[in-house]
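S.K.: In our numbering, the protein residues as written are 685 to 1237.
Straight-line distance between alpha carbons at most 30 angstroms, and here's what the computed BS3-like set of lysine-lysine pairs gives:
id : residue 1 : residue 2
1  : Lys-751   : Lys-1068
2  : Lys-910   : Lys-943
3  : Lys-966   : Lys-1031
4  : Lys-943   : Lys-966
5  : Lys-1106  : Lys-966
6  : Lys-1068  : Lys-943
7  : Lys-1031  : Lys-1068
8  : Lys-806   : Lys-834
9  : Lys-751   : Lys-863
10 : Lys-910   : Lys-834
11 : Lys-1106  : Lys-943
12 : Lys-966   : Lys-910
13 : Lys-1106  : Lys-1068
14 : Lys-966   : Lys-1068
Hints in this document: simulated from the structure, not taken from any laboratory.
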Amino acid sequence: MMDSSETNRSPNKLLARSALRPYHILRIFLPFIFSLLRDFRGWFFFGAPRPITSEEQHVRARDFIAKVMTLGPTFVKFGQILATRDDLIPQLYTNLLRDMHDRVPSFPFEDVHRIIETDFGKPLSELFDEFDSVPFAGASLGQVHRAVYKGDTVAVKVLRPGVEELVLIDLYVIRVVLKIARWIFGRHFIITNLSNVADEFRRVIHDEMDFLVEAQNYEEISENLKDEIAVRIPCIYHDMTSHRVLTMEYIDGIRLDDKEGVLGRGVDPMELVRTLVRIYTKMIAIDGVSHADPHPGNLLLDSNNCIVMLDFGMVVRMPSDRRRELVRTISAAVREDVDAMVQGFYKLNMVTPGTNMVVLRDAARVLMDITLKTQMSTGRIVQKMVTDILSSFYRFPLNLPSNLVYLLRIATILEGIGIQYKSDFNGVRFARPIIRRVIAAHGLTSPRMALDEAVYTWNNWLELGRSVDRVITKLDREELKVGVHPTDMGEIERYFAGVQRRMIFGMLSLAISIVVAIVFTATHSYLQLILGELLALFVFMLLLVLPVYRRWR
685 MMDSSETNRS PNKLLARSAL RPYHILRIFL PFIFSLLRDF RGWFFFGAPR
735 PITSEEQHVR ARDFIAKVMT LGPTFVKFGQ ILATRDDLIP QLYTNLLRDM
785 HDRVPSFPFE DVHRIIETDF GKPLSELFDE FDSVPFAGAS LGQVHRAVYK
835 GDTVAVKVLR PGVEELVLID LYVIRVVLKI ARWIFGRHFI ITNLSNVADE
885 FRRVIHDEMD FLVEAQNYEE ISENLKDEIA VRIPCIYHDM TSHRVLTMEY
935 IDGIRLDDKE GVLGRGVDPM ELVRTLVRIY TKMIAIDGVS HADPHPGNLL
985 LDSNNCIVML DFGMVVRMPS DRRRELVRTI SAAVREDVDA MVQGFYKLNM
1035 VTPGTNMVVL RDAARVLMDI TLKTQMSTGR IVQKMVTDIL SSFYRFPLNL
1085 PSNLVYLLRI ATILEGIGIQ YKSDFNGVRF ARPIIRRVIA AHGLTSPRMA
1135 LDEAVYTWNN WLELGRSVDR VITKLDREEL KVGVHPTDMG EIERYFAGVQ
1185 RRMIFGMLSL AISIVVAIVF TATHSYLQLI LGELLALFVF MLLLVLPVYR
1235 RWR
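Working from the sequences, and respecting the hints, build out all of it.
M.R.: Here is the structure:
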């Protein structure tokens, strides 16, 4: 674990020690950004769009992602998050990112030995009865070894050495890349949302690198699910857990995507899926904290056919008020109530400042159409619905909160497990009665909830009445003012600033040409003429390069 001075070290000092790291990152990102620019403008900032085939786009995307994945754990994790964001990046890239695996070479056992002894102040042989030197599982942030502690078989997860410093540098460079993108493309809502995702990623990855946080997540969710006999969560050995070392109960089992192994146990796979849907519904709708990464590698089936949940480095938290607003917005979509959906967008903080109400109503209608059409389709219904919803967000200036994105991802992963065992599995039809039973069993459909909803509606009507009264009073006093949103003013200012820059460079280019011509008539020096006209041409090229308005959709 880094000491406080190391943790608080500024990115600039870290960059001084690792000067080549930003170069390696920017060497991959900048050519890709300029390649995208040429899709908009053939000569970067001006000219007709460059024609590019779908095959060329696929090759470019594949090569770019392959290069990014060589940059290490930060970008592997960031890529996994962006793989769920069809609302922010084209589907071509998200599809490739979903196929990406979190695999990096294991680090030497000497480092494992040193980290454990440093954190606990004793030789490894005194801390554990046995300790396997070869890890049985690993990922970008750490690796897991089997050991024996006080007679119990345990799994010991160790943080990769140097990863905290590397992540800090990479996060700094990601901010720089996003600033470059913002300068080129302007304050487009997609660039703004990508910046928000980067901020969220910064928080998430710091939590994932602190195993004390993960241990707390294990304990919290284990307490919430203590009455669920069909689910097991490993126990944590707190006396052998630190920021860099996590010691937990070792549970042997087979992965849920091991179809042969699961069916060989004589287990009804649909019952397993039913249990998963019930458990995740409870965690999300009732407890407000959920396991965020239910891919088959983190879900095992133990010898007693209980589902084992692993890896709680990342969890989804949703406050009770946010859960209520989400339910109201979904209910509005089912009722085809556009106005209630738009109100839900605002309550869920999904609206980008300055967005026109007409655009929000259009977005609500598109989302309702997706829900209705997808339910009548076949195949991966949930995944198709999620993909279409996220793609619609890509077209509208709406910000999808990260916890909602994780919930959508959980739904698609659970559907994928169901389809693996039953080709005609209908995720929506299968999950609907289970979700209703969970909600009813926990009193969310009780008269108390109906009373809460009535009070909520009554308070909204009271607030509406007070707002109307304030507007009428200001009208009577001639005090009502209409303001222009700062976003709009900023765009207007940037437009005129761009026009002014181009005028200045145009006048400068003309002045240089005139001066060069006058000098030539006096000296008859062709060298001065050529150099002067080249300078005038360069200034004129700057005039063409400088965009009047850097906001491309």
